[in-house]
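Going line by line, the protein sequences match chains A and B. Taking the working numbering, I'd label the letters of the first sequence as residues 1 to 272. Taking the working numbering, I'd label the letters of the second sequence as residues 1001 to 1253.
Wrong hints could be hidden among the right ones.
As the list claims (entries may be wrong) - Derived DSBU-like pairs: lysine-lysine, alpha-carbon spacing no greater than 35 Å straight-line:
id, chain 1, residue 1, chain 2, residue 2
1, A, K147, B, K1157
2, B, K1204, B, K1013
3, A, K147, B, K1013
4, B, K1157, B, K1078
5, A, K147, A, K255
6, B, K1157, A, K255
7, B, K1157, B, K1013
8, A, K147, B, K1234
9, B, K1157, B, K1204
10, B, K1151, B, K1204
To be verified - Label pairs and their computed distance ranges (CB to CB):
id, chain 1, residue 1, chain 2, residue 2, range
11, A, P239, B, N1152, 26 to 36 Å
12, B, A1079, A, D143, 52 to 62 Å
13, A, P227, B, S1019, 27 to 37 Å
14, B, A1105, A, L33, 22 to 32 Å
15, B, D1226, A, P227, 23 to 33 Å
16, A, D143, B, S1019, 26 to 36 Å
17, A, P227, B, G1140, 34 to 44 Å
18, A, R100, B, S1088, 22 to 32 Å
As the list claims (entries may be wrong) - On the chain A side, residues computed to face chain B include the following (Cβ under 8 Å):
id, residue
19, L52
20, Q55
21, R56
22, G57
23, Q59
24, V60
25, A95
26, D96
27, V114
28, E115
29, P117
Since the hints were derived computationally from the structure, they do not count as laboratory data. We put the CB at the ideal spot given by N, CA and C, even for glycine.
One-letter residues, chain by chain:
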Amino acid sequence: MYTQPIDRHHPGCILLLVDQSASMQESFGGTSLTKANSLALAVNRLLRNLVLQCQRGEQVRDYYHVGVIGYGRKIGPTLGGSLQGQQLVPISLLADYPLRMTTDTMPGSPELRVELPIWIDPEADGGTPMTAAIDLAGSLVVDWANKHLDSFPPIVVNVSDGEATDGDPRSMAAQLREIRTSDGNLLLFNVNLSSAALNAVEYPNSPNRLPNPYAVGLFEMSSELTPYMMAVARGMDLPVEVGARGFVFNADAAKLSEFLDVGTRVSQVPDR
Amino acid sequence: MNMLNMVAYWLPKAGTPTSEWEDGVAYSPGSGWFAVSDGASTGGSSREWAYTLASCFINDRATSVFDPDGAGFVGWIKATRGRFDPRSAEFPASQMPEWVQAAGARQGSYATFLGGRVSGSEVRAVAAGDCCLFQLRADGSQPATFPLSSKNQFGTKPLLISSSDRSDEHLTTGIGYYRSAVGPGDVVFAASDALAEWLISNLKDPSVWHALSRIDHLGFRDLCADLRSRRAMKNDDVTLWRATAAATAGAGR
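Go ahead and model the full structure; you've got the sequences and the hints to work with.
In structure tokens form, the structure reads like this:
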């Protein structure tokens, strides 16, 4: 399980659920950016890195289908411009149609600026209809899974800063995790963002250290990391033990970026 | 010692067009120089980098690359970087957006590499990564292998040569050197990693080496198809170069 390599005949599916509720306009602990700005930046960087993973020869190969669902005052696909309304798009289309280009710092060389394509803008308005977002995610990925029965199963990453305002999402999350391909069940990962500089709980393998029932609920909603993701996490010196879930509670901007890196490491995109 | 024959065969990964083959191979029967390179997916333009490494190696014929202190090979790599242009007209035009091309250029291109020369009565080679050389003696004894010797040495993170100047320290310690006498009837092979891994698993099977010493392009195609269908060889680009020494001294070219 979770060993199917990625290629154009067996693409991977990555769907991000991003909280766009009003509380996301609060600043991130220790930074001048709002949670919404930090999340949008992290998502755009992730999408850029996914595109670059797929460059081969003179083309971007469709090793992934990617989507971003925002949930706040509205719920739905949040890619804009030429991709507006599109739910899961081949990565080559993502490469061709960013909203615009801006500049970003280069990892390890902050004095250098590099181009950063923008696909989503920060939003912060309304409540937190997480349950409805998970339901919508299910309707998108079940179609994809039915068309890609032998692919690595879909990965859904839910990033939020607070509790759902439309009921308990755990049941819907359990249904989502029942979607499967021949290579395993859908992977649902969760990141909780914190405005305060609290100690994060990263990749727990039990709910024992979690501070409240909300965190326990997110833990219960989260799939275990695959062996390949565990190896990646260990390579990044992250605190993962056997049974680690794809879940971080009280994440700051740096931990959010780390998590998105680990949690979207589908088995063996051709590394050679 | 004159080499009778040099040939090379290659196939892209199954299910992909030949235009997507990302290995490089070059050889010169007259001079005895040869090279095999395997473009890595890390970074962009790796196919073009593999091609550049292989073609420059046989054109430059820089014997200093075989000096075990590493200075010659690293110096040759630095010189080759200066000639690398993935946007050259000799390569297919990119269909990627400009920002992707720019990011790929910044990342650099990567490839494994094995290059050598068969001259007089010896073969010398230099290698970085998991392209492998095999020397089959005329008496049919188990072939010598270089730089790897067992299946478990193959992995997803081989030593790679970068087209950028950022990362050379690892090369000095990771480069391998080979030097051996070549006798009448010996056959020397070079293979990229997928085929090399299978060959290393079959070092003790004389029928494999007997067949490989005589295989033609159609036989090579059928062999790879069979190995892939049985999952005996991973589905990857495959390249094989072969040089056969004359069976008696003075015979041949």
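Against the structure, the hints come out as follows:
1. K147/A - K1157/B: Roughly 32 Å separates the two Cα atoms, so the pair holds.
2. K1204/B - K1013/B: The hint holds at about 27 Å.
3. K147/A - K1013/B: Holds. K147/A to K1013/B sits at ~23 Å (cutoff 35 Å).
4. K1157/B - K1078/B: Since the Cα atoms of K1157/B and K1078/B sit roughly 22 Å apart, the hinted pair holds (cutoff 35 Å).
5. K147/A - K255/A: This hinted pair holds, its Cα atoms lying about 34 Å apart.
6. K1157/B - K255/A: 26 Å, holds
7. K1157/B - K1013/B: 19 Å, holds
8. K147/A - K1234/B: 25 Å, holds
9. K1157/B - K1204/B: Roughly 27 Å between the alpha carbons, so the hint for K1157/B and K1204/B holds.
10. K1151/B - K1204/B: 13 Å, holds
11. P239/A - N1152/B: 26 to 36 Å: 29 Å, holds
12. A1079/B - D143/A: 52 to 62 Å: About 53 Å separates the Cβ atoms of A1079/B and D143/A, which means 52 to 62 Å holds.
13. P227/A - S1019/B: 27 to 37 Å: Since P227/A and S1019/B have Cβ atoms about 34 Å apart, the given range 27 to 37 Å holds.
14. A1105/B - L33/A: 22 to 32 Å: Once the Cβ atoms are compared, 30 Å apart, the range 22 to 32 Å for L33/A and A1105/B holds.
15. D1226/B - P227/A: 23 to 33 Å: 30 Å, holds
16. D143/A - S1019/B: 26 to 36 Å: With Cβ atoms ~32 Å apart, the hint holds.
17. P227/A - G1140/B: 34 to 44 Å: 42 Å, holds
18. R100/A - S1088/B: 22 to 32 Å: 31 Å, holds
19. L52: OK, holds: L52/A within 8 Å of chain B, min 5 Å.
20. Q55: 5 Å, holds
21. R56: This hint holds: R56/A lies near chain B, its Cβ roughly 6 Å from the closest one there, short of 8 Å.
22. G57: Constraint on G57/A satisfied, holds at 5 Å.
23. Q59: Holds - the Cβ of Q59/A comes within 8 Å of chain B, reaching about 5 Å at its closest.
24. V60: Since chain B brings a Cβ to about 6 Å from V60/A, closer than 8 Å, the hint holds.
25. A95: Hint on A95/A: holds, closest Cβ of chain B at ~5 Å, below 8 Å.
26. D96: 6 Å, holds
27. V114: 7 Å, holds
28. E115: 5 Å, holds
29. P117: 6 Å, holds
Figure legend: structure checked against the earlier numbered hints; every hint is met.
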